[in-house]
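Number of protein chains: 2
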Amino acid sequence: MRRLVNDPYEIVEEMLEGYVRAFPDKVKLLEHDGRVVVGTHAPKKDKVGVIVGGGSGHEPLFLGYVGEGFADAAVIGNINTSPSPEPCYNSVKAVDAGKGCIYLYGNYAGDVMNFDIGAEMAAEDGIRVETVLVTDDVISSENVEDRRGIAGDFFVFKTAAAAADDGLDLDGVVEIARKTNANCATMGVALGAADHPNTGKPMFEMDLGDMEVGMGIHGEPGVRRGKTEPADDVVQEILDVIIPELKLAEGDEVCVLVNSLGATPLMDLLVAYRKVAEVLDEKGVKVHKNFIGSYASTMNMPGMSVTLQKVDDELKRYIDWPTDAPYFVQK
Amino acid sequence: MRRLVNDPYEIVEEMLEGYVRAFPDKVKLLEHDGRVVVGTHAPKKDKVGVIVGGGSGHEPLFLGYVGEGFADAAVIGNINTSPSPEPCYNSVKAVDAGKGCIYLYGNYAGDVMNFDIGAEMAAEDGIRVETVLVTDDVISSENVEDRRGIAGDFFVFKTAAAAADDGLDLDGVVEIARKTNANCATMGVALGAADHPNTGKPMFEMDLGDMEVGMGIHGEPGVRRGKTEPADDVVQEILDVIIPELKLAEGDEVCVLVNSLGATPLMDLLVAYRKVAEVLDEKGVKVHKNFIGSYASTMNMPGMSVTLQKVDDELKRYIDWPTDAPYFVQK
Chain A
372 MRRLVNDPYE
382 IVEEMLEGYV
392 RAFPDKVKLL
402 EHDGRVVVGT
412 HAPKKDKVGV
422 IVGGGSGHEP
432 LFLGYVGEGF
442 ADAAVIGNIN
452 TSPSPEPCYN
462 SVKAVDAGKG
472 CIYLYGNYAG
482 DVMNFDIGAE
492 MAAEDGIRVE
502 TVLVTDDVIS
512 SENVEDRRGI
522 AGDFFVFKTA
532 AAAADDGLDL
542 DGVVEIARKT
552 NANCATMGVA
562 LGAADHPNTG
572 KPMFEMDLGD
582 MEVGMGIHGE
592 PGVRRGKTEP
602 ADDVVQEILD
612 VIIPELKLAE
622 GDEVCVLVNS
632 LGATPLMDLL
642 VAYRKVAEVL
652 DEKGVKVHKN
662 FIGSYASTMN
672 MPGMSVTLQK
682 VDDELKRYID
692 WPTDAPYFVQ
702 K
Chain B
372 MRRLVNDPYE
382 IVEEMLEGYV
392 RAFPDKVKLL
402 EHDGRVVVGT
412 HAPKKDKVGV
422 IVGGGSGHEP
432 LFLGYVGEGF
442 ADAAVIGNIN
452 TSPSPEPCYN
462 SVKAVDAGKG
472 CIYLYGNYAG
482 DVMNFDIGAE
492 MAAEDGIRVE
502 TVLVTDDVIS
512 SENVEDRRGI
522 AGDFFVFKTA
532 AAAADDGLDL
542 DGVVEIARKT
552 NANCATMGVA
562 LGAADHPNTG
572 KPMFEMDLGD
582 MEVGMGIHGE
592 PGVRRGKTEP
602 ADDVVQEILD
612 VIIPELKLAE
622 GDEVCVLVNS
632 LGATPLMDLL
642 VAYRKVAEVL
652 DEKGVKVHKN
662 FIGSYASTMN
672 MPGMSVTLQK
682 VDDELKRYID
692 WPTDAPYFVQ
702 K
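First to last, the protein sequences are chains A and B.
Following the working numbering, the numbering of the first sequence begins with 372 at its first residue and continues without gaps.
Following the working numbering, the numbering of the second sequence begins with 372 at its first residue and continues without gaps.
One thing to keep in mind: the hints can contain errors.
Claimed, not checked - With a straight-line Cα cutoff of 25 Å, these simulated DSS-like cross-link-like pairs (lysine-lysine) come out:
no. : chain 1 : residue 1 : chain 2 : residue 2
1   : B       : LYS598    : B       : LYS654
2   : B       : LYS397    : A       : LYS660
3   : A       : LYS572    : B       : LYS572
4   : B       : LYS660    : B       : LYS687
5   : A       : LYS618    : A       : LYS654
6   : A       : LYS399    : A       : LYS415
7   : B       : LYS660    : A       : LYS397
8   : B       : LYS660    : A       : LYS399
9   : A       : LYS470    : A       : LYS415
10  : B       : LYS550    : B       : LYS660
11  : B       : LYS654    : B       : LYS618
12  : B       : LYS397    : A       : LYS397
13  : B       : LYS550    : B       : LYS598
14  : B       : LYS464    : B       : LYS397
15  : B       : LYS572    : A       : LYS399
16  : A       : LYS657    : B       : LYS399
17  : A       : LYS618    : A       : LYS550
18  : B       : LYS415    : B       : LYS399
19  : B       : LYS654    : B       : LYS550
20  : B       : LYS657    : A       : LYS397
21  : B       : LYS550    : B       : LYS687
22  : B       : LYS397    : A       : LYS687
23  : B       : LYS618    : B       : LYS572
24  : A       : LYS598    : B       : LYS550
25  : A       : LYS399    : B       : LYS657
26  : A       : LYS572    : A       : LYS550
27  : B       : LYS470    : B       : LYS399
28  : B       : LYS416    : B       : LYS399
29  : A       : LYS687    : A       : LYS660
30  : B       : LYS470    : A       : LYS660
31  : B       : LYS550    : B       : LYS572
32  : A       : LYS572    : B       : LYS660
33  : A       : LYS657    : B       : LYS397
34  : B       : LYS657    : B       : LYS572
35  : A       : LYS654    : B       : LYS399
36  : A       : LYS572    : A       : LYS618
Since the hints were derived computationally from the structure, they do not count as laboratory data.
Using the sequences and the hints given, assemble the complete structure.
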């Protein structure tokens, strides 16, 4: 593999140590649970606790989005592995301010199982925890509830966290998260695999020069594999799925996320964004704000995803809500 | 190659088109010269014009650092190729506000030649243009003046631009740029090559599992090639060069930039930062601020660099100076 690591079985701990050393005024690890990144601002008085999380290997997701105005805590699993129930529970105890908490994460079976146990443990302490699963990966299932969550996590986390910071109660925060998720659609394309530090090898095989449209962020199968095509054609293929999914029409407004899965350079993201902007322009769809960079990675996987987030005044206000989370960038 | 492109000979134009479409309130291309990215704020009254630039393929360097409080313009060359003299000159005409301009770029022969011609053309119009070359790549030459500029560009651009925004005259801005450069040291490590879109192939050969310590951002030879070693050992080897270079002693203060060359994930940068922080702690060197991400890339090259920028109150103030440049992130 082409990565610089130490003991691969310590990589998550070392990453977390580096992270809290880098931003000591913003985040810390729980003293009794090194897999919970907590904002130094949390618990915030009279605010619903917002907890995100999942397996490692998607940085800056999830740890980078903990901060005032964004998530209160992130629960961190091993690479491509759900966190265990204990840190899910501990995160609630750390950030609950008496208003209950919300768990927000991508829809994967392991995460659902363990976060649900965490919520049950919290319920025994009398703390209400609600869950909203992100399901933006449109081609992962015909059935919306069965879809996986990928880069759209970013928008769902952002708006729900802002709503909590705005003083909404738990039901209100849940409603914002569901509304955001229902108006969010993503599709990706992979051009190769990430290197897994534990094996020292690519997570799967893909011939040089091939691409797989629709692949998930853990290498889940997409809709088709074939020779790499021109960027504009691939972007058009993605938009031909996600624009109808959101039933976008003239006059609608969206936020755009062109996300690098890791090894796709900003140069190529900007080329792709150019095509996205052109197509949206032609349709009379307005771009409220765009995010072009690596927001939800698969370590060093070559590839990208395009997310469209349909927005109204309420969602725009929450996407624009200020935050000091270290890896939230908004210009 | 594992990249999504259209016509590779149009990639720079398409990237620039995507960029100005993405941030139309902040940047534009000159109408008569599509290789000059100008901030919509420029020219700013009574301010020295700050112009950065160089070859493409290092994004977000240079275009991402144009914005109010940062550079007024970026001059954009083809991939790994200096911009030609014409856009260097046109950038001056676009941003000069009667106080003269400064060119800031990494020390490469082609850039020096073409920017110098641009400055001569401007001089014929009675506009004074000064140049400060960035020379932070410490192992590229024994002789400081012969060293190349790499990720340290970021700090030199940032402080000089802030000094201009603070109202300093051209001599004052030059002095800040020189002072920053004199207190900046970088060393990188590559684990493979970027894919060049024009050839569709890696820019050079490197066996899987090898690394080259000290390699430059265009693949210039480093100090040694060998099997990839543990991250901590490589970081220590880098620090053993750049800490003595800056003569850092207990009580000194630095900014740290742990920079991905493209295909090195944030996970690995955070592991590396952990080691940097540990070593600086042991030496009693304080970290004022850190930057961990991809600030000066080589497209999709696997590898990273570590930059230490020694700072005093003046440089800290300029590094902290606010800016709305799209790819400047500071938390």
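Verification of the supplied hints:
Taking the CA atoms of LYS598 (chain B) and LYS654 (chain B), the gap is about 29 Å. The hint is violated against a cut of 25 Å. Proximity of LYS397 (chain B) to LYS660 (chain A) is assessed by CA-CA distance (about 13 Å); at most 25 Å being required, the pair is judged to hold. Of the pairs offered as hints, the one joining LYS572 (chain A) and LYS572 (chain B) holds, with about 21 Å between alpha carbons and a cut-off of 25 Å not exceeded. This hinted pair checks out: LYS660 (chain B) and LYS687 (chain B) have alpha carbons roughly 9 Å apart, not beyond 25 Å.
Distance check on the hinted pair: LYS618 (chain A) and LYS654 (chain A) sit about 12 Å apart at the alpha-carbon level, within 25 Å; holds. About 15 Å separates the Cα atoms of LYS399 (chain A) and LYS415 (chain A), which keeps this hinted pair within 25 Å; it holds. With a C-alpha separation of about 13 Å, the suggested pairing of LYS660 (chain B) with LYS397 (chain A) holds against the 25 Å cut-off. Of the supplied pair hints, the one linking LYS660 (chain B) and LYS399 (chain A) holds, its CA atoms being roughly 17 Å apart against a limit of 25 Å.
Annotation: proposed proximity of LYS470 (chain A) to LYS415 (chain A) holds, straight-line Cα distance about 10 Å (limit 25 Å). Between the alpha carbons of LYS550 (chain B) and LYS660 (chain B) the distance comes to roughly 18 Å, so the proposed pair stays at or under 25 Å and holds. Simply put, LYS654 (chain B) and LYS618 (chain B) have alpha-carbon atoms about 11 Å apart, close enough for the 25 Å limit, and the pair holds. For a cut-off of 25 Å, the pair hint linking LYS397 (chain B) to LYS397 (chain A) is broken: about 29 Å separates their Cα positions.
Of the supplied pair hints, the one linking LYS550 (chain B) and LYS598 (chain B) is violated, its CA atoms being roughly 37 Å apart against a limit of 25 Å. In summary, the hint linking LYS464 (chain B) to LYS397 (chain B) is supported, as the alpha carbons are separated by about 19 Å, within the 25 Å threshold. At most 25 Å may separate the alpha-carbon atoms for a hinted pair to count; LYS572 (chain B) and LYS399 (chain A) exceed this at roughly 43 Å. Pair hint LYS657 (chain A) plus LYS399 (chain B) holds up; C-alpha atoms about 19 Å apart against a cutoff of 25 Å.
Using a Cα cut-off of 25 Å, the hinted pair LYS618 (chain A) and LYS550 (chain A) holds, with the two alpha carbons roughly 15 Å apart. Note on LYS415 (chain B) and LYS399 (chain B): the hinted pairing holds, with a Cα-Cα distance of about 15 Å set against a maximum of 25 Å. Among the hinted pairs, LYS654 (chain B) with LYS550 (chain B) is consistent with the structure: their alpha-carbon atoms are about 23 Å apart, no more than 25 Å. Taking the CA atoms of LYS657 (chain B) and LYS397 (chain A), the gap is near 17 Å; set against the 25 Å cutoff, the hint holds.
The straight-line distance between the Cα atoms of LYS550 (chain B) and LYS687 (chain B) is roughly 12 Å, inside the 25 Å bound, and the hint therefore holds. Of the supplied pair hints, the one linking LYS397 (chain B) and LYS687 (chain A) holds, its CA atoms being roughly 20 Å apart against a limit of 25 Å. Proposed proximity of LYS618 (chain B) and LYS572 (chain B) is contradicted: the alpha carbons are some 41 Å apart, above 25 Å. Restraint check for LYS598 (chain A) and LYS550 (chain B): not satisfied, since their Cα atoms lie roughly 51 Å apart, outside the 25 Å limit.
The hinted pair formed by LYS399 (chain A) and LYS657 (chain B) meets the criterion: a straight-line CA distance of about 19 Å does not exceed 25 Å. For the hint pairing LYS572 (chain A) with LYS550 (chain A), the CA-to-CA distance comes to about 39 Å; that exceeds 25 Å, so the pair is violated. Simply put, LYS470 (chain B) and LYS399 (chain B) have alpha-carbon atoms about 22 Å apart, close enough for the 25 Å limit, and the pair holds. Distance check on the hinted pair: LYS416 (chain B) and LYS399 (chain B) sit about 18 Å apart at the alpha-carbon level, within 25 Å; holds.
Between LYS687 (chain A) and LYS660 (chain A) the alpha-carbon distance is near 9 Å, which keeps this suggested pair within the 25 Å criterion. Annotation: proposed proximity of LYS470 (chain B) to LYS660 (chain A) is violated, straight-line Cα distance about 35 Å (limit 25 Å). Proposed proximity of LYS550 (chain B) and LYS572 (chain B) is contradicted: the alpha carbons are some 39 Å apart, above 25 Å. At most 25 Å may separate the alpha-carbon atoms for a hinted pair to count; LYS572 (chain A) and LYS660 (chain B) exceed this at roughly 35 Å.
Restraint check for LYS657 (chain A) and LYS397 (chain B): satisfied, since their Cα atoms lie roughly 18 Å apart, inside the 25 Å limit. At roughly 42 Å between alpha-carbon atoms, LYS657 (chain B) and LYS572 (chain B) are farther apart than 25 Å, so this suggested pair is violated. Distance restraint check for LYS654 (chain A) and LYS399 (chain B): the Cα-Cα separation of roughly 23 Å lies within the 25 Å cut-off, and the hinted pair is therefore satisfied. Proposed proximity of LYS572 (chain A) and LYS618 (chain A) is contradicted: the alpha carbons are some 41 Å apart, above 25 Å.
Of the numbered hints stated above, those contradicted by the structure are hints 1, 12, 13, 15, 23, 24, 26, 30, 31, 32, 34, 36, listed in ascending order.
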